[in-house]
Amino acid sequence: MSVVRDLIRFMGGTAILTKQVISEGLRPPLYLRLITEQIQSIGLMSLPLVLITALSTGMVMALQFGLGLEKFGGKMYVPKIVSLSIIRELGPVFTSLMMAARVGAGITSELGSMKVTQQIDAIRALGTSPIKKIVIPRVIACIICVPLLAAIANLVGIGGGLLVGWSELNLTPAFYWQKVLETITLVDYMSGMGKTFFFALFIALPACYFGLNVSGGTRGVGVATTTSVVTASILILVGDYFLTKAFWIIEQWL
Amino acid sequence: MAVIEVKNFTKSFGSKLVHRGVSFSVNQGECLGLIGGSGAGKSVILRSLIGLEKPDQGEIHIDGEEISRWTERQLVEIRKRVAYVFQNGALFDSMTVYDNLAYALREHTDLSEGEISDRIRQQLEEFGLQGNDFVYPSQLSGGMQKRVGLARSIILGPKVVLYDEPTAGLDPYNTKKIQDMILRLKDRGVTSVFVTHDMPSVYAVCDRVILLLNGQIEASGSIADLGKDPEGIMQRFINGIEGA
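Order-wise, the sequence lines are chains A and B.
All residue numbers for the first sequence refer to our numbering, where the first residue is 1 and numbers rise by one.
All residue numbers for the second sequence refer to our numbering, where the first residue is 1 and numbers rise by one.
Okay, chain B solo, but in the shape it has when bound (with noise of 0.2 Å):
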């Protein structure tokens, strides 16, 4: 069944037209990576399945709701159970890594401080962080705050998490303990949406694949079926042939 279904999605930013009627969907459980040249529109496309952007005409579907002309107010209820991952984290800067992860639990839930801060250490522990409770943002590393990031955002349990190239400017051993947070979610039966231009994490992590040319859909394909043809758009995206 599926989670998320867009339909036709159409949006300009001024006289610049980003995407021409892009549809797909999204089942239970499943990690679609969106790929596509740098200006495609893929953040686009993933701010507006939670509402940060809104399609000029189209529908977007989250678990049957279409929500794309919903009000800040109302989308709160999807937010709650759509995440979303910021490439560079988007940590609260003016507080700690510990109260980061506290926001949406104090916003969101009756849970006591105790609670929280139990809930707290667990998902710390489960990132990588521990220790790092008291710390500002600014001093964590990079591939740190992307995963006190990824650590925020499902906090609360989302059904989904849509991804924006969580792994990009990250070394290879971050990339590899975000590759396996996402892993780890994705058998906890949770539907994402992967945008990213690394490769190696698009086969590692992802099950189906859609690559944005042009502000439209040129190509699809299950992760198994991409080397299949050579001569194909997708491949030749993926050898850097062809591009935006």
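The following block holds chain A by itself, in its conformation from the complex (with noise of 0.2 Å):
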């Protein structure tokens, strides 16, 4: 019972948020200068984590699918196979995971942390608005940094494939390239693009959640900090089906 309690309290709770974002977003002023501060600690330092993971992942999927189709003569294939995984799903997926794994847990331990110092009281006292200074810019810098990251690790990804490629399975840079272009369309790449968006807002909107309601001290935080990863990963995982699901039936219609 108390699953399904916590589960409605937290619908309930993250559309209030929701609300709250886009009402005081709409209203000036805009934090710019937080927003920047949470670009650059949200985007840039999520680079070489992001980077690692897009490079090992392009890099493994070449091998396994070189190796595993070397001995039905259709390593040839390699490329297609590779670049469209990673376009479609791999490269925003897994850049969104591990996002949530390192932003998400970010974001809910710092205003966490600041709920139970009573910095978010005293934000709150000194005549400003929470949503405003700490959620807004954080929910903004999220939705700009996740789609570039994954459009980076998009690229990375298809590196990676490429290296082994060569290294390991013989293909040509340029042949390896050259069929990576023949196969990827624009619908490809907005599809997996599309989806960050939403992911985007699947890590930063359970974070900041999850961190302003905190109960039960530093112990609180860390249940909350847990419970803010699991909650994105799952919405992220499940959110992806449906996702993808809607992406094909749009993609039908144009």
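Take these hints with a grain of salt, some might be off.
To be verified - Derived DSBU-like pairs (lysine-lysine); straight-line CA-CA distance at most 35 Å:
{"#": "1", "chain 1": "B", "residue 1": "Lys54", "chain 2": "A", "residue 2": "Lys115"}
{"#": "2", "chain 1": "A", "residue 1": "Lys19", "chain 2": "B", "residue 2": "Lys16"}
{"#": "3", "chain 1": "B", "residue 1": "Lys177", "chain 2": "B", "residue 2": "Lys228"}
{"#": "4", "chain 1": "A", "residue 1": "Lys19", "chain 2": "B", "residue 2": "Lys159"}
{"#": "5", "chain 1": "B", "residue 1": "Lys186", "chain 2": "A", "residue 2": "Lys115"}
Hints in this document: simulated from the structure, not taken from any laboratory.
Each chain sits in its own coordinate frame; assemble them with the hints.
Written out as structure tokens, the structure is:
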């Protein structure tokens, strides 16, 4: 019962938070300096993690498919399979999962600590809004950074595949690149990138919600941080299915 | 004239009734001490005076305006006039002392950065904190953090200051510093509500005191009258005979 109650509370709380973010976000002032700081902290600082994840994913994919398909004489399909998988799915999803782990946890623990030490109350007591000062800059930074990082991850992932194709599968870089360009369409690219805007919200909003609703002192901060990462990961993975389905339907119309 | 007027304040948390019909008022320039056992809900009342909590029933009048049902946006105007000093300072730990003090000035005034800088230097000097401008709160002692918290709260020149245990856990030197600052603000006509367990500070800064027990006001009186009834509940509380 408590799981259902918590789920209802989470859904209601996140809906209210989303409404506050929209209504306060549309009213000036917009704290550009805070948004820039968050873009640096959320985006730039996550770049190494995203690069490593994307590179390894591309390399492993190329190796697995290359060695598997070699038996049937199909290793020339490796560039096609790897690039499509990365562009449509793995680049956006793995980037978002990494961001959920690094950024989601960071946001929840920071906001939770601020709540426990009454800094959130101090923001209110000084006549300012925690939504404007804390939540909106983080949400906007995630909406900007997650798609950008996913775009970089796509390139690096394909690059990783190319490296393995060249070094392990005897596919020349020119051949590999040509096959990638022949395979990927703008629709494939947009299908993957379109999802990242939703994934950004799946990371930022639960992270802020759990951080702002921490109770039970420092232990509560730890619990909220874990819950935030788990929630964001589940939302990304489950949401990915429905978003993929939705984008397929849109593609049929186009 | 009453600057703060609380009428029939009732508040519960879950099934726990914390306050039952608490009413009191604080006059212009007066310092009211709010004492009572731990968990008696003193801080809840204090937080409600600035809209950080909402009463379930009752009214809160600040400067004649009933604020208990105001929205966060409406409360901004009240929060410029009513300062809240948090028990642990509640300083923004990602900001330096300077930026903590500049926070409200940047938000609510049209002062230039130069004017803000002058104002902050003056404030730091008044609070004996000069030279700590670019230090982070975690690098300060507890007493200094509380002084910075007080300096930050009153930088807009509020009409009312609400103190939540400002001397708790401080050594006698820092306690005296905080008391002196509160008295200086009082001399300037600032109205105050002082929540504390620290009776020497109550005697030092308050004009009147209210005892909160079991969710109600059990006793109240002026500081001058405190010792007059040795068998009264107020004196028994102060002497540790009666509690929460």
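Agreement of Lys177(B) and Lys228(B) with the hint, judged by alpha carbon distance not exceeding 35 Å:
holds, 29 Å
Legend entry - Restraint check for Lys19(A) with Lys16(B), where alpha carbons must lie at most 35 Å apart: holds, 31 Å
Under the criterion that the straight-line Cα-Cα distance not exceed 35 Å, is the pair Lys186(B), Lys115(A) satisfied?
-> The given pair, whose Cα atoms are some 31 Å apart, holds under the 35 Å limit.
Exercise for the section: Please work out if Lys19(A) and Lys159(B) have their alpha carbons no farther apart than 35 Å. Expected result: Since the Cα atoms of Lys19(A) and Lys159(B) sit roughly 34 Å apart, the hinted pair holds (cutoff 35 Å).
Restraint status (C-alpha distance of Lys54(B) to Lys115(A) at most 35 Å): holds, 18 Å
Of the numbered hints listed earlier, not one is contradicted by the structure.
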